Amino acid sequence: MPLYSAGRRRVIIALALTSALLLTLDLRGNRLFDAARSGFTVALQPFQQAAEVASTPIERLWRAYSDFDAIEEENRVLRAQVDAQRSAEIAAQNAIIENQDLLALNSLESLASYDSVTARLVGQSPTNFDQQVEIDRGSIHGIRVGMPAVNEAGLVGKVTRVAPTSSVIMLVTDPSYAVQVKILSVGGEDPDQVVPGFTTTTAVTEEESFPGADQGAVREEFPIATSTTTTVVLDDRVNLPEVEVIRETGVLRGQGDERLPRVSFVAGNSAFGRIEIGDTVFTAGGSTSLAPPNIPVGRVANVITRAGTAGQELEVALSPDLGRLQFVRVVLYQPPTELQP
Amino acid sequence: MIGFLMNSWVARVIPIGMVLLAVQTTLLVELRPFGVSVQIVLAYVAATGAVGGVDRGAIVGFTVGLMYDLAVGTPLGATAVTMALAGYVAGIGRLFRIESHWWILALQSAVGAAVGEAMVPVVRLVIGEASVSPTGLLTVVGVVTAAALVASPVLAPLGRWSLSLQRSEMKLPPEIRAEV
Numbered sequence: 004m005p006l007y008s009a010g011r012r013r014v015i016i017a018l019a020l021t022s023a024l025l026l027t028l029d030l031r032g033n034r035l036f037d038a039a040r041s042g043f044t045v046a047l048q049p050f051q052q053a054a055e056v057a058s059t060p061i062e063r064l065w066r067a068y069s070d071f072d073a074i075e076e077e078n079r080v081l082r083a084q085v086d087a088q089r090s091a092e093i094a095a096q097n098a099i100i101e102n103q104d105l106l107a108l109n110s111l112e113s114l115a116s117y118d119s120v121t122a123r124l125v126g127q128s129p130t131n132f133d134q135q136v137e138i139d140r141g142s143i144h145g146i147r148v149g150m151p152a153v154n155e156a157g158l159v160g161k162v163t164r165v166a167p168t169s170s171v172i173m174l175v176t177d178p179s180y181a182v183q184v185k186i187l188s189v190g191g192e193d194p195d196q197v198v199p200g201f202t203t204t205t206a207v208t209e210e211e212s213f214p215g216a217d218q219g220a221v222r223e224e225f226p227i228a229t230s231t232t233t234t235v236v237l238d239d240r241v242n243l244p245e246v247e248v249i250r251e252t253g254v255l256r257g258q259g260d261e262r263l264p265r266v267s268f269v270a271g272n273s274a275f276g277r278i279e280i281g282d283t284v285f286t287a288g289g290s291t292s293l294a295p296p297n298i299p300v301g302r303v304a305n306v307i308t309r310a311g312t313a314g315q316e317l318e319v320a321l322s323p324d325l326g327r328l329q330f331v332r333v334v335l336y337q338p339p340t341e342l343q344p
Numbered sequence: 020m021i022g023f024l025m026n027s028w029v030a031r032v033i034p035i036g037m038v039l040l041a042v043q044t045t046l047l048v049e050l051r052p053f054g055v056s057v058q059i060v061l062a063y064v065a066a067t068g069a070v071g072g073v074d075r076g077a078i079v080g081f082t083v084g085l086m087y088d089l090a091v092g093t094p095l096g097a098t099a100v101t102m103a104l105a106g107y108v109a110g111i112g113r114l115f116r117i118e119s120h121w122w123i124l125a126l127q128s129a130v131g132a133a134v135g136e137a138m139v140p141v142v143r144l145v146i147g148e149a150s151v152s153p154t155g156l157l158t159v160v161g162v163v164t165a166a167a168l169v170a171s172p173v174l175a176p177l178g179r180w181s182l183s184l185q186r187s188e189m190k191l192p193p194e195i196r197a198e199v
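Which chain is which? The protein sequence lines are A and B, in order. 4 is the number of the first residue of the first sequence in this note's numbering; add one for each residue after it. 20 is the number of the first residue of the second sequence in this note's numbering; add one for each residue after it.
Simulated from the structure, these hints should not be mistaken for laboratory data. Be a bit skeptical, because a hint or two may be false.
Not close to chain B: a few residues of chain A, all C-beta gaps over 12 angstroms, as computed [stated by the list, open to error]:
1. A46
2. Q48
3. S179
4. V254
5. E261
6. A304
7. L335
Which stretches of chain B does chain A cover? Using the computed rule of at least three CB atoms under 8 angstroms from a CB of chain A, they are [unchecked claim]:
8. 34-40
9. 46-53
10. 89-97
11. 122-131
12. 169-182
The structure displayed is predicted, hence computed values, not measured ones. Even for Gly, the Cβ is constructed at its ideal location relative to N, Cα and C.
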């Protein structure tokens, strides 16, 4: 039978058209397909459990072989870090408690305001092009699509698929992931000299353009980037120079497993130049954001200046080590716009 | 009807697909040589294409690809089309030989798997998902291809069984074989 016979051509065309049809229906959102996915996941579970039991000894052997040297080196580095962090931790704990007290006093929302579900990782994405993990908690535990997942170090990702007893989390590094973030930067001579007991004044400037404006993107998806500069005036009793807390907001996007996520801004403004490597990145929150405000994301690892009016981009070194996740906490948060009236 | 279904390739390919998907989503997400997840399902599709030919390879690839999409949560049809292509490409060699040596089947499987894996980011790009860096893609395709090559001696008989194919009994006459 020749390579391009009529029958063969019909088969290929039928498969291609079926794929295109399925893709179109699925990408537009289809409840039938969602139900089929849930059903298939349930049907596959016995096979997965059997495979897990059979493969556990092989996995352990592989890990023992491949991870031993790296773990030993990491252990040595971590011991040194723990020693260095011990005193800082006590001060940080105190600051967190004070911060939460202040937020509660002022009726402001913080991560502690929301219930959460702790879940264990039970699987990773089997593909080489997605950064996803599967957890052992699902809709019967209150998890819904879009909820943020965190661990002790900070933002891990968001829930993209929910079954009754399991969910899939898209990691921050996935190229499809995007979240609004803010960058806090302490300007001035010596950032270490910021101390409690100050008064602040805040000025907010708004940029008129937004990513993709020239391609007709919808503004709601990318709220206007804001730049806030808070001047910190210390009490007279404290004899330290005036410092500035610079606050930028932008959109953080994953860049895949091998590259750091990037924060893209809308356009350059006077404050951008003052963001420096090491500045901290938090979720920005907002009425349409899927993540509540003030979840730690990471630190600025690199500032990229793009030509023309393209603005700047920041590369962000994430706080959580996504390669070694064991447990995550799904914050049962839904933005106000998603809540049922 | 039930008897026909039980004797058809569907009744064999679907359970095999389920078992391989279970292995793919458990063992092979942990065993990652060079940080790459070996694609055993893709290797099976390519091996089946190599022994079954382009039509069967494409249809089995499409069926197993749909199962993969359902299990993993990728857009329905995205993996199906890449696996159909893998099965098709792997089956091209079958047009020129009645029955191949094991190492030719392994090469066909490897080429099919390479094409299938390389097409994944292309399809994702077409449907509006993210792109993959070329350096990462080379490593991914290299490891997936090597895995398909190594697994072919096991997966080709499995593919032959799942399509209810008999190993060809046609042999070249000894005198012609001596000349070859």
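Cross-check of the supplied hints:
1. A46: 7 angstroms, violated
2. Q48: Non-interface label fails for Q48 (chain A): nearest chain B Cβ at 9 angstroms, not farther than 12 angstroms.
3. S179: Answer for S179 (chain A): violated, closest chain B Cβ roughly 6 angstroms.
4. V254: 14 angstroms, holds
5. E261: 5 angstroms, violated
6. A304: 18 angstroms, holds
7. L335: 21 angstroms, holds
8. 34-40: holds (count 3)
9. 46-53: holds (count 5)
10. 89-97: holds (count 9)
11. 122-131: violated (count 0)
12. 169-182: Coverage by chain A is violated here, the residue count being 0 at a Cβ distance below 8 angstroms.
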